[in-house]
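Can you make the complete structure from the sequences, with help from the hints?
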Amino acid sequence: MAPVSIRLDRVSKRFDHSVKGEVYAVREVSLAVADGELLTLLGPSGCGKSTTLRMIAGFEEPDEGTILIGGRDVTHVLPNRRGIGFVFQNYALFPHLSVFENVAYGLRVQGRDEASIARAVGEVLELVGLARYDRQQPHQLSGGEQQRVALARAIVFEPQVLLFDEPLSNLDAKLRVEMREQIRELQKRIGITTIYVTHDQEEAMAISDRIAVMDRGSIVQQGTAQALYYRPATEFVARFIGRTNLLTGRVLGVSGNRVEIEVEGQRVGWLEGKTMAAPGDLLRLVVRPEMIDLQPALPGDPRCGTVMSRTFLGEKTDYAVTLGSVTLQVSASGPSDLPGLEVGRSVTVRFRPEGMHALG
Amino acid sequence: MARTQSASWRRVAADPALLGAIAAVWILLLLFVLFPMAHLLERAFVDDGGFTLEPLLSSITDTSHQAAFVNSLILATAVGVLGTALGFLFALTAVRGGLGRHWLTALDAAALLPLVSPPFTTSISIIFSFGPRGFITHDLLGLTNVSAYGFWSTALAETLTYFPIAYLTLRPILAAIDPNLEEMAFSLGGSRWRIFRTVTLPLAVPGFANAFLLLFAASLADFATPLILAGNSFPVLPTQAYLQITGLFDFKGGAVLSLILLLPAAAVFLLQRHWVGKRVYVTVTGKVGQRSRTRAIAPWASVVLVAACFAVAAIIVYFYALLAIASLVVAFGANNGFTWHHYHVIFTEGLPAIRDTLIIAAIGMPLGGFYGVLVGYLIARRDFPGRRAMELVAMVNYALPGTIVGIAYLIAFNDPPLALSGGALIIIACYVFRYSPTGIRATVAQLQQIDRSIEEASSSLGAGSGETFRRVTLPLIAPAFFAGLGVVFIRSMTAISATIFLVSISWTLITVRILENMTEMALGPAAAFSVFVIVVVFVVVAGLSAVLARLRAPTAGATARSFLGG
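Protein sequence lines, in the order shown, are assigned to chains A and B.
Going left to right, the first sequence walks through residues 1 to 360 as the numbering used here numbers them.
Going left to right, the second sequence walks through residues 1 to 566 as the numbering used here numbers them.
In short, the hints are calculated from the structure, not lab data.
Please note that a few of the clues may not be correct.
Stated by the list, open to error - From chain B, some residues computed to sit far from chain A (all C-beta separations above 10 Å):
id : residue
1  : F35
2  : D48
3  : A106
4  : P299
5  : Y318
6  : F347
7  : E349
8  : F370
9  : L476
Unchecked claim - Cβ-to-Cβ under 10 Å is the rule here; a few derived chain B residues that face chain A:
id : residue
10 : R10
11 : V345
12 : T348
13 : L351
14 : S459
15 : S465
16 : R471
17 : A478
Backbone N, C-alpha and C fix where the C-beta goes; we use that ideal spot for every residue, glycine too.
Shown next as structure tokens:
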């Protein structure tokens with residue numbers, strides 16, 4: 001199958017709200033997904049990500065904007081003429097049909113002959129690891145198995161693109177991790193252009209080539225997981241993806257492309273690139289907990305934080321450290337019983353340069 | 001909003017199957033609902049090409065019509081109150097009486113029997129029991145010169161016929177009241193009577209209102225019972241309208257009278273829809289049987305309840321036994337010798353009526369079932385301009401008293417371009433558009449339990465709306481389809497109020513033959529016909545229930561119940 005690209009150009013969807021009047025569910029969303037790419041729409045519930053996906057599938061029609069799949073304008077094309085595989089949150093298996101017939105459905109609609117249907121269904125069930133399940137009824141399957149049938153059904157007719165609407169949210173945590181790996185592996189193997197909707201940032205980071213973060217109907221940032229994590233464009237993205245410290249810092253001085261930063265009157269490190277900054281400027285800073293290093297303070301050093309709590313979590317240890325009026329979340333790998341970092345002790349705080357990011 | 005409208009138009013236009021279905025339904029609704037109603041109004045209000053209220057005014061100032069109007073209301077109120085009380089007795093016993101499963105089934109059967117019987121069944125039995133040579137009045141009590149006709153016998157017959165509606169309405173509501181609530185009040189030290197008064201009854205109030213309105217409407221529209229039992233002393237509107245047309249050939253007078261009947265009927269319909277309609281459609285759950293017996297009703301009280309119920313059930317069974325016996329004796333009360341003669345009569349002389357009825361029912365059943373499912377699907381699932389209007393118009397013939405519908409059809413289809421009078425088509429159309437709304441509602445209810453994403457999945461897999469409907473939706477709403485079939489069939493076998501205006505020399509109905517037999521005092525064949533209808537209905541319903549059970553649908557139980565709700 002030849003994978004194709006998806007393009008959305010200023011797509012909007014409004015609806016009438018009984019209290020608020022006309023509300024935008026999706027507002028001027030523009031997106032481009034490359035051939036074979038897996039893009040995730042990530043955001044909290046009600047941010048418009050599912051509506052966007054449903055417009056791409058054709059279940060909803062945009063009020064404005066255009067949608068192109070493989071260069072063809074499908075904005076007003078019915079869902080059954082779009083050649084899209086869709087995997088639903090609740091699986092949406094046909095309850096009156098067996099596993100085989102569920103998967104065969106799209107092929108039967110195409111009017112394929114019995115032998116090629118049997119072959120294709122057999123292959124795809126093999127692919128999702130349900131080779132011997134063809135005679136089962138959907139209600140006899142577990143949630144994970146049902147979702148794999150839904151996946152098989154969506155890919156068997158070789159659609160141009162694959163869409164997932166929170167496919168794993170009804171599964172338990174362990175199965176979720178397993179399934180997302182399977183989905184990613186399968187997507188890469190058949191090289192199909194895919195859009196994946198989820199509200200789970202960890203899932204998004206694990207599965208995506210690229211992530212588009214949505215908030216209140218608009219895309220606020222697109223990029224790789226690393227870009228979103230270390231260089232969020234807004235406070236919303238910074239808070240939504242991973243744990244974060246949001247701080248106000250002051251520029252102490254600029255030398256070359258290094259900008260010295262202090263927080264609460266303490267020199268905490270420097271960041272690179274903000275060369276337009278002048279001494280005395282205030283910056284909004286995003287610092288991830290694992291990008292902060294703690295050292296036992298030297299005796300008599302006044303520029304220190306205080307350890308307020310220490311929590312051993314296995315592969316890492318979390319600290320809460322007060323620095324003036326702010327409380328920092330700090331996460332350190334390694335043993336939890338390092339001397340000098342006990343609760344109540346004074347510590348010096350250093351932000352690593354690659355882990356410090358200024359907003360705006 | 002305008003943009004949304006045009007978007008939904010575009011959607012419809014892009015989907016030929018959907019467009020075709022919507023157009024087809026609207027053409028049918030125009031032809032068989034709006035067109036006849038328009039004709040009825042025209043006949044009543046247009047004279048010599050101009051609008052006039054004169055026939056209406058002269059009709060409502062006519063004292064005999066005023067009497068009929070008042071009588072209709074009195075009768076409907078009496079039936080509403082008595083039927084609701086009786087229905088509540090049965091519902092309370094079924095839910096709180098602590099009966100075993102088999103006893104419950106027996107009680108259900110006795111309660112539901114009248115709903116699936118031809119309209120004169122109770123009337124015939126009342127005449128056999130309380131008539132001049134009645135089994136009870138003459139044989140047992142030795143009375144002479146008694147009359148079985150008038151208000152009380154009509155009210156009794158209608159109450160026994162229609163109280164199952166109240167039972168079906170109230171039972172799920174009482175079942176939905178958590179016994180723990182009553183238990184808790186009991187544990188707080190309330191007396192049982194106090195709990196019943198302050199907890200149980202108030203919770204059932206919407207149910208009472210709804211049951212009363214449904215019974216009121218049923219009695220108001222009932223034509224067959226008063227025709228037999230009311231006699232000259234107690235004229236009511238539907239029979240007056242009928243006599244105006246069949247006796248005096250006064251179509252205009254009949255049209256006007258039927259429209260006067262429309263007034264209270266419409267009031268009740270609107271009240272029911274807006275006041276209680278939404279609150280009482282509680283689904284029947286399987287919980288009742290699983291709950292432990294509640295102590296909220298004193299042991300002696302449940303004994304009284306059960307006894308009262310079985311007394312009523314015994315009366316019903318007695319009426320039906322009487323009917324069966326009367327069909328097998330020469331002349332009930334006068335000559336009780338055994339004979340097959342009445343059955344011989346109905347299968348020879350009466351054969352055309354039986355054949356016609358079965359043909360009409362057999363054709364109407366699949367048409368009505370499919371129409372109900374299609375309309376239910378369109379209004380529950382598809383978004384298109386005029387959806388609400390379609391829903392409303394589809395309910396019109398169902399909500400109107402049969403007399404109005406019958407007269408409207410008679411007037412509308414008597415002349416070209418649509419001279420359908422005298423044929424089978426007009427009778428079938430009447431049944432389909434009058435009794436399919438049960439199937440429509442069952443379909444809507446069923447679709448509300450099926451997630452939309454299942455249909456979206458089909459559509460994303462390449463199936464158009466027609467193919468999705470056929471391959472996915474239709475199999476999933478099969479229970480509603482069969483329920484729709486069942487109701488159309490039952491009503492095709494038992495209804496008379498509308499179709500009595502539509503029969504002809506070439507096409508007639510069993511129910512009409514029963515009426516003719518009754519007026520000729522040929523009670524034996526009338527009884528035999530009734531027994532025949534009951535047996536056929538029972539066999540078909542049992543067959544459909546078996547199909548439903550095989551479908552293993554989770555809502556099959558509730559749907560089977562809805563056979564009888566129409």
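| Broken hints, by number | 9, 11, 12, 13
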